[in-house]
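**Q** Note that the protein sequences, when read in sequence, are chains W and R.
Take the first sequence: its position 79, counted from the start at 1, is 79 in the numbering used here, and no numbers get skipped.
So the mapping is simple: the numbering used here equals the position in the second sequence, first residue as 1, plus 1000.
Keep in mind the hints are simulated off the structure, nothing from the lab.
C-beta: ideal position from N, C-alpha, C; glycine also.
Treat the hints loosely; a few may be bogus.
To be verified - From the structure, some residues in chain R lie toward chain W, with a derived Cβ separation under 7 Å:
| no. | residue |
| --- | --- |
| 1 | Leu1002 |
| 2 | Pro1004 |
| 3 | Phe1005 |
| 4 | Pro1038 |
| 5 | Val1039 |
| 6 | Asn1102 |
| 7 | Val1108 |
| 8 | Thr1186 |
| 9 | Glu1188 |
| 10 | Met1199 |
| 11 | Arg1285 |
| 12 | Val1286 |
Said to hold, decoys possible - Here are the computed lysine to any residue pairs in the SDA-like style, where the Cα-Cα straight-line distance is at most 20 Å:
| no. | chain 1 | residue 1 | chain 2 | residue 2 |
| --- | --- | --- | --- | --- |
| 13 | R | Lys1041 | W | Leu15 |
| 14 | W | Lys135 | R | Ala1185 |
| 15 | R | Lys1054 | W | Leu15 |
| 16 | R | Lys1041 | R | Glu1081 |
| 17 | R | Lys1041 | W | Val51 |
| 18 | W | Lys135 | R | Leu1145 |
| 19 | W | Lys135 | R | Glu1188 |
| 20 | R | Lys1054 | W | Asp50 |
| 21 | R | Lys1041 | W | Lys135 |
| 22 | W | Lys135 | R | Arg1003 |
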Amino acid sequence: MEAGAPSPGRVRIALTVNGRPVEVWIEPRELLLDVLRDRLGLTGAKRSCDVQVCGACTVLLDGQAVSACCTLAYEARGRRVLTIEGLAPDGRLHPLQEAFIEHAAVQCGFCTPGMILTAATLLDQVPAPTFEQVKAHLQGTLCRCTGYWKIIEAVVAAGRRMASVEAPR
Amino acid sequence: MLRPFEIHEPATVQEGSRLLAHYGEDSSVYAGGTELIPVMKEGLAHFRHLVNIKTIPGLDGIRHERGRVQIGALATHRQIERSPVVLAQAPVLAQVAARVANLRVRNVGTLGGNLCFAEPHSDPAAVLLACGATLVLAHAGERRLPADAFFTGILQTARMPDEILVGVEVPAFGPGTGAAYERFATHERPTAGVAAVLMMDEGVIASARIVIGSVGPVPARAPEAEAMLAGQRPDPRLFRAAAETAGRRAEILEDLYGSADYKRHIVMMLAARALHAAAAQAGARVN
C-alpha cells in the first residue's frame, strides 16, 4: 500500500501498520493521528483533547502506548504501529474486547480503543494484574461515561482469562 | 495543522550543536516532543528547524559509575522508572518518573526534555535538585553545571542555544541516606511538590536538603529549614517546624493551579510528609 503523492518537502516513510507494511509520503509536520485517520482510513484512534491528556488517540508504537495526536508521523518510520483495528485481525475478538462487552465497560465508546490498547500494554507486562495495578496503569486515560469501575473489572477479568489460558498445563 | 518545518538528523552531539548554532532562534532541539509538539500545535512557538537528537547514539543510557548514577538526557521517564540501576542506587528518581504526566508521555518524554523545557511544574526538576544532580551540557566541548544553577526562570535555563543537554548525574545514595518526594496534583502537572534528602549519621541528621518545586518560577532550596535540621535528631516537632519555615520562606507565585496562600499551606504539609518519608527511607527512628 502506498498513500499520498510526492511533493517538495515530503519524505517517504516505511512502517508497519497492524502487521501490514505501509509506505506513505508525509510532511515532517504531519501528525500520526491525521495520517492514520485521514490517509490510511483507520479511524479507531479518536481526536479528543488534542493535547495528549485524555488517551482517546492512543495507538501502540513498537508496543508502547503513545498519543497519536501529539506524535509526528515521522516518528513511525521503520516502526510497528498497532491501532484498535489491528487487535482482532482475523475477526476474532481479543480477550480484552470480549471482557469489555461482558462487563458492559463501554457506554459511548469514544475512549474504548485507547482504553483497550492501553490495557493491552499492561497485560503484556503483567499477566493477571490486580484491580489496583489496572487502576494505576489506566490513570490518564479518561472516560467520561462509565466511572471506570467496569473498565477496570473488565481488564482484570481479561487478564485472568489470558493467564489461565496461557499457563502451562 | 502545524506550520511547516524541517527535521535534521545529526549523528553526533557536535553536529547537532553546529545545526543549532547555524539556525539560531529558528531552531529547537527535538527529542521526545511531549513538550515541544503541543506548544507548536498551539502556535505558542514555531521553529523552522527541529534538530532531532534521537539520531545521536548513546544518549539514552543509564549507568552506575564511580559512585554516580549517570542518566542520558534521552532516557524516557518510563526507562528511568524501570531501570534496575536507578531502583538500586537512587530509587526516589524511579518513583518520581513513575508519576510524571501519564503513561503515554512517560513512554516518549525524556528527562532531558523535561528539564530543558523548564516548565515550573516539573516533578523531576525538584528531585534532581534535592539529590545534588549535575547536568552535563555539550557543544564543541562539554561543561558541567549543578542543577541549582541550571534553572534561571519560567521556561528559562542556563543552556546556551547551541548546547545540548547530554546527561544528568546524581550521587548514588549511600547507607543512611533517605530521599522522598511528596506532591499534590489534580492535573497532568503538579500543583506543588517537595523533595527532601536526609543524610543520617549515627541517629543524627548530618545534612538535609529540601527543595520546593512547582510553586515558584524555578525549583528552590529551603536553606533556613535545612539549617534547622542539621545536627538534630529526627523528631516530629522539628520536622513540623522546619516544614513551616520552608513554606513561609518559599517564593510562591499565584497561577491557574491556585493562590499563593493555598499553595503555601500545601507546601508546608508536603514538606513535613517528605521529611518523615525521607527519614523512614534512611532507616531513622522518628520520635
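**Q** Which of the numbered hints are not met once you compare them with the structure shown?
**A** 5, 8, 10, 11, 12, 13, 16, 18, 20, 21, 22
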